[in-house]
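Protein chains in written order, with this note's numbering: chain G, 1 to 287; chain F, 1 to 765; chain P, 1 to 156.
Don't take every hint at face value.
In silico SDA-like links for lysine to any residue, alpha-carbon gap of 20 Å or less [to be verified]:
1) P:126 / P:54
2) P:126 / F:532
3) F:532 / F:493
4) F:457 / F:562
5) P:126 / P:115
6) F:457 / F:535
7) F:457 / F:636
8) F:532 / F:600
9) P:126 / F:697
10) P:126 / G:80
11) P:126 / P:116
12) P:126 / G:99
13) P:126 / F:535
14) F:532 / F:564
15) P:126 / G:176
16) F:532 / F:555
17) P:126 / F:580
18) P:126 / G:156
Derived by calculation from the structure, the hints in this document are not laboratory data.
Each chain is listed here by its residues.
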Amino acid sequence: MLTTVVSPDVRSPGSIDDAVRQLTDLGADAMPLAGGTWIMRAGLRGETPRRCYVSLDRIAELRRYSVGDVVELGAQLTHRDLTSITTGPAATALRQAAALSAFPQVRNVATLAGNIAATGFAAADLVPALLAGQAEVELAGPEGPHRTTLASYLTSRDQRPSGELITAVRLPAPPGRFSAFERLTVRVGGEYAVANVAVSVDVDAGGSVHDARIAVGAVEPVATLGPARALIGHPVGDDDAAQAAGEAVAAGLTPREDPDAPGWYRVAVVPTLVRRAVAQLPQLIDH
Amino acid sequence: MSVIGTSVRRADGDDKVRGAAVYGMDYTEPGALTARVLRSPVPAARIRRLDVTAAAAMPGVRAVVTAADAPGRSGMFFALRDQTLFATDEIRYAGEPVAAVAADTAAQAEAAIAAIELDLETLDAVLDVETALDDGTRLIHPDWESYETLVPGPRRGNLAWEARTERGDVEQAFREAHLVVEDEYRSQRQHQNSIEPHAAVARYENGRYVVHTPTQFPFNVRGRVAQLLGVRPSDVRVVVPTIGGGFGGKLDAMLEPIACVLAQRAGRPVRLLNTRAEELRTCGPRENAVVRLRTAVAADGTILAQDGLIIADNGANSSGETVACANVAPLVLGGSYRIPNARYVSQVVYTNTPPTAAFRGVNAPYCVFAQEMHLDHIARELGVDRRELRMRNLLRAGEPMVNGQQLDDAYLVEAMQTVDRLRPWGELTAASRPLRGHAVVPLTWITNPGPGGAGVKLEEDGTVTVASAAAEIGSGAVATGIRQIVAEQLGVRFEDVNVSPTDTDAAAYDNGAQGSRTTFGMGNAALEAAGKVREQVLDVAAGLLEADPADLELVANAVRVAGVPDRQLDLATVAGTALMTRGPISATGAFVAPPIPFDAGCMTGALFTHFAAATYHAHLAEVEVDPDTGRVTVLRYAVAQDVGRAINPQMIEGQIHGGVVQGIGYALFEDLRLSDDGHVVDESLETYRLPTSLDVPPIDVAILENPCPYGPLGAKGAAEPSIIPVAAVIACAVADAIGTPIRQLPLTPFAVLRALREGRRSRDL
Amino acid sequence: MSYSFTLNGQTVEATTPGLTPLLTVLRDQHGLQGAKLGCGEGRCGSCTVLVDDQPVAACLFPVANVAGRAVRTVEGLAAPGAPLTPVQDALLDHGGVQCGACIPGVVMTLTALLESEPAVDAATAKEALTGNICRCTGYVKIVEAAVAASGRGDQA
Ligand SMILES: Cc1cc2nc3c(=O)[nH]c(=O)nc-3n(C[C@H](O)[C@@H](O)[C@H](O)COP(=O)(O)OP(=O)(O)OC[C@H]3O[C@@H](n4cnc5c(N)ncnc54)[C@H](O)[C@@H]3O)c2cc1C
Ligand code: FES
Ligand code: FES
């Protein structure tokens with residue numbers, strides 16, 4: 001618990017450049033510290049802490065955001081911040097994911113980038129919402145700023161170069177895009193999702209889906225995009241299409257086994273969560 | 001106006017809401033060392049070598065202790081003395097204490113623990129009760145025959161204890177029955193998880209151990225520490241800071257004896273505080289159990305006979321209450337319904353798992369779960385309404401329960417009728433539809449009859465102080481109940497009654513905050529003492545007022561001549577005068593529940609033989625099941641509970657809400673699992689799920705007053721029982737909703753979804 | 001390292017490694033024992049304090065991140081001897097306190113809720129309390145107290 005001496009050093013640079021420089025100098029001995037809700041539990045997970053952490057808390061630019069055809073969200077925005085930013089329906093899933101994750105004490109602290117970068121955290125709620133929305137991450141590093149898709153970032157988290165930092169997330173918000181998020185827990189709430197699902201669709205003027213993405217988290221070790229073809233060409237909210245899509249997504253999943261929930265169950269509820277997410281969409285359009 | 005029946009604020013509340021109350025987990029002493037415990041990494045092993053020399057020589061280390069420092073053998077309530085403080089030659093569960101260290105800092109203590117050399121030869125672990133009972137299974141306590149017991153009890157090998165209750169001619173009844181139904185049910189371990197973990201701060205002073213610990217039962221801790229250390233109980237003094245929850249988990253000595261022996265060796269105070277993981281891994285949970293019931297019924301649903309086998313997991317030793325409470329199972333199975341012929345065998349079995357212990361509603365929730373699911377099975381077979389079947393067999397006033405004890409004040413019918421007024425069964429049944437279910441369950445329960453003594457004195461300023469070693473566990477029994485009773489008896493304001501801090505040196509024996517007994521038992525003792533104080537006051541005042549004591553009354557902190565308001569004296573004057581004329585006004589009172597006739601001959605191995613100050617209950621639940629996810633939602637809940645007399649209705653409601661919600665956790669998701677290699681799986685609150693505010697349905701509460709002739713002002717115990725019927729009533733309602741019987745707790749979404757699919761499959765066949 | 005922040009309105013310095021949990025700093029260095037170490041895992045809420053007026057789990061909050069911020073604990077609500085705050089008062093009035101180990105955390109969560117929501121109903125209170133485990137009360141009376149303290153008196 002808390003009695004063990006926690007001695008790692010923490011630096012608190014005031015700019016992205018300084019953070020990158022310090023992280024680069026320290027190399028594998030260091031990692032960024034955001035809200036700390038994941039890092040502070042390293043001991044409970046049996047991990048040895050790094051020698052040094054570089055806190056991003058004092059870097060004001062990491063809390064910026066802008067809303068437009070692309071929603072640009074600073075790395076240090078908390079889950080709570082994300083629930084209160086007014087964005088369009090393309091970001092509904094993200095807002096819902098942020099609002100439904102954990103509970104207030106965590107949502108007030110845990111950050112957007114921390115959620116993405118927490119390796120080993122299969123149930124991260126923001127991640128499927130961002131994946132379904134085709135998000136990209138903006139990175140700063142010794143080689144300067146660059147950008148990559150969230151999907152490719154997630155699968156390369158273990159091999160990121162030292163000195164690299166997520167500075168922001170870009171979520172495209174083209175007209176006609178709608179999204180929704182669903183999660184399932186054993187209790188009513190306040191815990192990791194057994195499975196979480198985000199659906200993002202592009203709807204034409206006639207109310208028919210012409211492109212769609214479904215992302216699933218918590219089931220496999222890392223959230224993934226599943227096949228969403230079954231939704232395409234159907235009216236938005238079509239239940240049969242949603243069921244078909246849900247089953248197709250579930251069929252492609254290889255669940256993890258851990259004490260939170262049996263693997264078969266995580267997969268078994270995915271079609272239902274897809275259906276429920278899809279069922280939300282027509283109301284969003286009516287708004 | 002009488003203070004009885006009013007919802008006064010708790011006397012300890014102000015400090016609690018300000019964050020000023022000092023809990024056991026907050027308490028420390030100047031110069032206190034930090035202790036750490038070396039616990040076994042495996043569930044079963046022989047200790048080949050244990051060497052603490054290197055550890056003892058490490059920087060900052062002030063004491064290292066092992067089995068050699070604590071020679072005694074003990075067991076909870078001294079029922080079965082099979083426990084040593086530290087593993088001696090053999091390891092019997094993962095987490096068993098092997099050695100302990102006290103050092104200047106936590107880091108030093110941890111380093112010393114790591115430096116202890118422990119060489120183990122692992123043994124095959126016996127992890128489940130059924131294997132443990134098989135012929136040829138390795139004996140977990142090869143020396144079991146040599147252990148001392150409090151009463152004789154049948155036991156052999158891995159069968160740690162057996163309690164039996166038998167009446168009538170069971171076989172005959174089965175032969176003549178219209179229908180015989182047989183079922184088996186299983187239930188999990190449930191952990192108390194008080195927000196405050198176990199904590200102890202000990203010092204050795206003038207040749208005695210002084211230990212501050214947030215225990216529910218200071219005199220038990222005193223006795224257990226003494227027995228484990230091989231000293232006299234009076235060599236130990238237990239002082240209780242504010243307690244941060246217990247629910248049975250803080251009845252027994254856990255960290256106290258370790259802290260005591262370390263403090264004595266180190267010559268310094270020693271503080272020991274559990275982490276949450278240690279709590280979950282090593283502090284005794286409610287026992288897992290298997291219940292097999294076979295019942296003979298007549299065509300109209302009348303129960304003719306019941307044959308029951310309850311196999312409860314004791315874990316590795318009897319440091320918890322499971323053995324002591326073994327006979328609670330027969331009493332609760334045969335306490336609510338008329339069962340003229342019965343045979344109940346309650347077995348408590350050793351396994352290489354952490355010892356199980358008391359949790360609110362000891363040994364009962366899974367018995368009631370089994371009984372009620374089983375009755376629903378019978379109702380289904382006979383095609384009778386489930387409530388109707390229960391009403392037909394419910395014990396009426398004057399009828400005997402299974403031990404032959406006549407329940408003169410049985411109030412089960414009234415309790416069932418009360419919940420029916422809250423949530424009419426007929427309407428619920430008429431409105432029933434797929435995936436919606438409802439159920440109702442009656443219950444008879446005990447008030448712990450144990451002894452307690454109190455002192456009451458009138459202070460010079462006219463206030464009153466109660467000296468008591470009763471522990472305020474949070475229920476308000478000390479913070480409100482006892483004070484209200486004494487205030488009423490002496491006509492003083494509630495705020496003018498103080499209660500001494502809980503200290504085994506300062507007050508008489510008390511049987512602990514368990515089985516709802518504090519307001520009942522300590523209330524009675526304090527009432528008696530206050531009655532004597534009252535007489536002394538009247539005597540002194542009669543002289544001063546030149547009146548007959550019989551004409552005097554105690555009202556508003558004064559003594560006055562009835563009907564003559566201006567002839568009165570305030571209590572301060574009476575107390576001051578008494579000091580100089582007769583000596584201080586003070587008295588003591590004592591209580592133990594009076595004997596109750598029952599048929600002692602029908603029971604063997606029973607430490608609990610009857611239900612003192614029995615209380616009567618009915619619970620009703622309405623649930624909905626999500627067919628796609630298996631998730632159960634409790635839509636509504638209703639409780640009717642007989643409390644004898646409601647001293648503080650608000651506190652009683654709070655106890656009922658709290659018990660119901662703990663019961664919902666037990667019914668739906670709480671499950672302290674063990675892995676295939678004998679380790680606790682759920683060692684954090686991530687997978688050990690506790691109910692949150694969102695899991696609570698609307699709860700209707702009806703408090704019934706059915707006074708107990710020997711309860712203080714008619715009161716009976718009120719705090720414990722609300723947890724007991726919850727899993728049963730929810731499981732019956734879920735089974736009703738999904739049309740598939742439930743045989744195992746908890747009803748996780750995983751279990752329910754599987755049941756739904758299997759039910760669907762079997763209907764398709 | 002040394003971190004400067006305000007604690008119940010006063011500027012304080014904490015000299016300690018930056019990853020030290022805020023809870024340890026409050027309890028061990030400032031003698032503020034109101035917030036409890038119930039689990040150290042972020043899952044019980046008994047350590048809840050307010051950082052810049054928002055509830056956080058102090059057992060997981062690195063002290064480095066409170067630098068320059070305002071921390072409020074239960075001790076900062078009603079001065080010793082001064083009247084209780086509406087939340088504290090309502091909890092006692094409604095019987096929402098049993099053992100009380102969760103209560104300092106509950107008080108802070110509800111204080112933040114009432115400061116940010118003009119009218120709290122039962123559903124909002126339950127939602128806000130999701131991170132505060134109370135093993136004793138079953139939450140019913142705590143929720144009633146929250147609604148009453150917000151002055152709406154609507155207990156739906
Ligand atoms: C009890 C509890 C329950 C929770 N439940 C949920 C839940 O249900 N759903 C949910 O989504 N979350 C939940 N969380 C939050 C969870 O810890 C993470 O999701 C959280 O988002 C991590 O964010 P953080 O800011 O706290 O990250 P930190 O702990 O500070 O960091 C996490 C990781 O991200 C890295 N990192 C942080 N920022 C950056 C950056 N800008 N660039 C590169 N790497 C970075 C860190 O180096 C570290 O490896 C819960 C937390 C707790 C304590
Ligand atoms: S102690 Fe911080 S959440 Fe439990
Ligand atoms: S009052 Fe005991 S945990 Fe809430």
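Evaluation of the provided hints:
no.	hint	verdict
1	P:126 / P:54	holds (17 Å)
2	P:126 / F:532	violated (48 Å)
3	F:532 / F:493	holds (18 Å)
4	F:457 / F:562	violated (24 Å)
5	P:126 / P:115	holds (16 Å)
6	F:457 / F:535	holds (12 Å)
7	F:457 / F:636	violated (47 Å)
8	F:532 / F:600	violated (36 Å)
9	P:126 / F:697	holds (11 Å)
10	P:126 / G:80	holds (17 Å)
11	P:126 / P:116	holds (15 Å)
12	P:126 / G:99	holds (14 Å)
13	P:126 / F:535	violated (51 Å)
14	F:532 / F:564	violated (24 Å)
15	P:126 / G:176	violated (36 Å)
16	F:532 / F:555	holds (16 Å)
17	P:126 / F:580	violated (58 Å)
18	P:126 / G:156	violated (39 Å)
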